[in-house]
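Colleague: Just need the whole structure built from these sequences, with the hints factored in.
2 protein chains.
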Amino acid sequence: MNRFWSKRIQNIVPYTPGEQPKDRQFIKLNTNECPYSPSPKVIEAINRAAGDSLRLYPDPECVELRAAIAKREGLDINRVFCGNGSDEILAFAFQAFFDPDREVVFPKITYSFYPVYTDFFGLKRREVPMNPDFSDPIDLLCGNNGGVVLANPNAPTGIAVGLGTVEKLLNANPDVVVIVDEAYIDFGADSAVSLIGRYPNLLVVQTTSKSRALAGLRVGWAMGDAGLIDGLRCVRDSINSYTVDRLAQAGAAAAIRDEDYFQSIRRRVMDTRSWTEKSLKEKSFTVLNSQANFVFASHPNHSGKELLDGLRERGILVRWWDKPEIRNWLRISIGTDEDMEALVQALGELI
Amino acid sequence: MNRFWSKRIQNIVPYTPGEQPKDRQFIKLNTNECPYSPSPKVIEAINRAAGDSLRLYPDPECVELRAAIAKREGLDINRVFCGNGSDEILAFAFQAFFDPDREVVFPKITYSFYPVYTDFFGLKRREVPMNPDFSDPIDLLCGNNGGVVLANPNAPTGIAVGLGTVEKLLNANPDVVVIVDEAYIDFGADSAVSLIGRYPNLLVVQTTSKSRALAGLRVGWAMGDAGLIDGLRCVRDSINSYTVDRLAQAGAAAAIRDEDYFQSIRRRVMDTRSWTEKSLKEKSFTVLNSQANFVFASHPNHSGKELLDGLRERGILVRWWDKPEIRNWLRISIGTDEDMEALVQALGELI
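Quick mapping for you: the protein sequence lines, in order, are chains A and B. Numbering of the first sequence is given in this note's numbering, commencing with residue 2 and proceeding in unit increments. Numbering of the second sequence is given in this note's numbering, commencing with residue 2 and proceeding in unit increments.
Don't take every hint at face value.
No copy is singled out in the list; a pair is fine if it fits within one copy or between any two copies.
[Claimed, not checked] Result set (SDA-like, lysine to any residue): computed pairs, CA atoms no more than 25 angstroms apart in a straight line:
hint: 1; residue 1: K306; residue 2: G52
hint: 2; residue 1: K72; residue 2: Q21
hint: 3; residue 1: K8; residue 2: R126
hint: 4; residue 1: K282; residue 2: V177
Hints were generated in silico from the structure; no laboratory data involved. Given the structure is predicted, the values throughout are model-derived calculations rather than measurements.
Modeller: Take a look at the structure:
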């Protein structure tokens, strides 16, 4: 705190990103990054874009990148909006579509940035308790709210809902925007993009950070009715007109276009996830059914914090939250086969 | 408008960035970009950073880049904050340091994003009329306000104030933050960075977009007391933890380190500005005394709009605002010598 701080920030507890250690080589299973390199075509596109044209502002409307996304998804380009990572898109959406007088609702256990957004933007929220099996409490997200946010698959549980469930949410909340945060959609769940034409209240948010191996490039996008896209544009142009730099636009467009590479690495991640789930269960872990690039696991005889610390001593970082409902759980990103073998071996030593 | 838009955005008039035409080759003197390429060392640094590590999140604290800035400016690193362009930094600062109950003050003719910020963040503002010669109305920015924003040099006038004037503002407003927006500082004016140790209410904002020829990379930074920097960090971590991607961090750090290249291109721009001022005055233009990489000029017999349109027909873009005080003025970015010769010739044909 400082005497010059605004009232707005005096009582904020900001989001805490996963640790990015620089002092030591860890097996990094704490921030859901992809263990494989980005497509070689991405690197080529960046190298081509790194030249004289960097002296010029980027295209504020990201037309080339939006066209690549629109083409892949079979959407009109005016249904696509790009930003500096899906977090920025979410922050824009909370400002564009939610008002202070009505509660924004989302599951109690979900991406921990959502309550930060509601606090920071002066919105009310209702965090809905999870079902006992950690699945999403869909009925409690239906009606009587000022907006819905659903991560699908959810984080940190990894549990996904089907499109029928998403449609139920959209039909039950016709007068408010339903944000479906699909950061992890490419690892086994069905995207709600196919519903966009039928639901003007649907906003789907995706990112290059996970399945395109580009967390370091900061590109996310929203897809939805053109009126919603215009709302995001209005927020952006009230804050920072040029949010996606030239290199990020070029690299992300190349990533979207390289479908073969994308398919190959997402399959590898899913295969490794199956092996990891099986191996952890053999060691008596409970592992939720994940459709994401991480698993959420707990052991009957060892606390989450104990395993977190023990893994760290063995050079492996995973993620743990000091919240009552999930204190005994670890979120473990899916790395390479070798990473996960090291993880399973280390956990074997700890239990 | 759309029925799902929040009240916050329903009445907002967003910022309009300068045109970025794609259909035709123009001589682009409308967005104050640098006419020279970025340093070759920037391109090398970007090519080095474009590899496997893009799969990992960037350093959210931008330590390497902040260290480069801190070293150049003789500051402690905890007095430096980096973001996705200086517009993002300004947007963060308005949220971090200004409250809705007191007016933020700035000159009436200045960077047109400031009133957008006050509107969008629900702040009151007082836009202070310019002195008759378009110099900044400093006395009217002293006291009785909730924060001060001064672009130095000012845009679109190009007029700079000296450090004594900045100190006057800081001393007259000891209980509020004074933001000095130095986007154009490197073309002849004195930076307020040297005052930071003595004024805890001073926040200086700079960018790589102009004097480092990197508008396409989107990197800006703030310098000030560590308590102010912490406030910016609090805002960032409530919106988007990773605002500067790996390539932008690497490229901007290389640009800051290449002092020789920086000095050579800023001198070329200043030399070309001198020639342009002289040439325009020879054609009976009034040209304000600019310390920026643009000039602000008007002609006694021709309206600003008439000259804007005539230049556009001749393949030259400049910037014009439909505001009563400056309707007869054009803001003309300084391009290469050849660009400016073409401009002067085209204006000669038009008058």
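Colleague: For every hint, state whether the structure bears it out.
Modeller: Verification of the supplied hints:
In this assembly of identical chains, K306 and G52 lie within 25 angstroms of each other by CA distance neither inside one copy nor across copies; the values are 48 angstroms within and 34 angstroms between. Taking the shortest Cα distances, K72 and Q21 sit within 25 angstroms of each other only across copies (24 angstroms), while inside one copy they are farther apart (35 angstroms). Taking the shortest alpha-carbon separations for K8 and R126, both the intra-copy value of 20 angstroms and the inter-copy value of 17 angstroms come in at or below 25 angstroms. When the C-alpha separation of K282 and V177 is checked against a cutoff of 25 angstroms, the pair qualifies neither within a copy, at 41 angstroms, nor between copies, at 58 angstroms.
Violation of the numbered hints given earlier is confined to hints 1, 4; the remaining hints are satisfied by the structure.
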